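There are 2 protein chains.
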Amino acid sequence: MANDIRITILYDFYGEMLTEKQRDFLNYYYNDDLSLAEIAENEGITRQGVRDAIKRAEAQLYDMENKLGFVEKFEKIENRMNEIIDCADAINAYNLEHDLSREINESSVRIKSLALSVIE
Amino acid sequence: MANDIRITILYDFYGEMLTEKQRDFLNYYYNDDLSLAEIAENEGITRQGVRDAIKRAEAQLYDMENKLGFVEKFEKIENRMNEIIDCADAINAYNLEHDLSREINESSVRIKSLALSVIE
Chain W
1 MANDIRITIL YDFYGEMLTE KQRDFLNYYY NDDLSLAEIA ENEGITRQGV RDAIKRAEAQ
61 LYDMENKLGF VEKFEKIENR MNEIIDCADA INAYNLEHDL SREINESSVR IKSLALSVIE
Chain Y
1 MANDIRITIL YDFYGEMLTE KQRDFLNYYY NDDLSLAEIA ENEGITRQGV RDAIKRAEAQ
61 LYDMENKLGF VEKFEKIENR MNEIIDCADA INAYNLEHDL SREINESSVR IKSLALSVIE
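Top to bottom, those sequences are chains W and Y. When we follow our numbering, the leftmost residue of the first sequence carries the number 1, and every step to the right adds one. When we follow our numbering, the leftmost residue of the second sequence carries the number 1, and every step to the right adds one.
These are computed hints drawn from the structure, not numbers from a lab. Misleading hints may appear alongside valid ones.
You can't tell identical chains apart in this list, so a pair holds if it fits in one copy or across any two.
Result set (SDA-like, lysine to any residue): computed pairs, CA atoms no more than 25 Å apart in a straight line [stated by the list, open to error]: (1) K67 <-> D32; (2) K67 <-> I7; (3) K73 <-> D86; (4) K76 <-> V109; (5) K73 <-> R23.
On a predicted model such as this, the values are computed, not experimentally measured, just so you know.
Looking at chain W on its own, in the form it has when it is part of the complex:
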């Protein structure tokens, strides 16, 4: 169906806005890797019914990202955190190499840990 990885990310961000049934279907299909036919049999509905329900849920997820854009915002933040981590590493390496200061060492380590805590 849709791009699996993108759907998984959108689901992580916006899944709570779907109904429990929609979340179940997406989980069966994307996480448990069940086929449409298997889900249909388990749920006692048609294969086409499962397909439509999943398509609708996916459309809702894409629609929310189009309107709210939080995945894109977090991806930008993630890029900036990675750049901050690189800078903090550079400061730390330079500082250690030139045997400069404990204060600078501590602050650069703290910066790295804060930036990591945002993206982990």
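Assemble chain Y onto chain W, guided by the hints.
The following block gives chain Y in isolation, referenced to the frame of chain W:
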């Protein structure tokens, strides 16, 4: 009605998920500071109708934050960015005071600018 500042923040985050009419009502009430009676007259509906529409829109905004939590997530990120900025400032001040290194100066300035770009 509800807490104005909180509503304004929730509206900034989730307003795009409301209908155009709901957004209009919230704008008239919170941004333009019109009274319920004034909005009612402009829109040709009852004061109670306006009140109900605004209450419903507010409830939807609170519901989205309860489910998605992006305001809370961004507030946490903001706190971390402020702490990163403090650390970068500390590195920079120490570095300048002790006349240590251009590399450390440049990296700490870059860190501060990246952290600021996330919260501005």
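>> Let me make sure I understand: some of the numbered hints might not hold for this structure. Which ones are they, in numerical order?
In response: none
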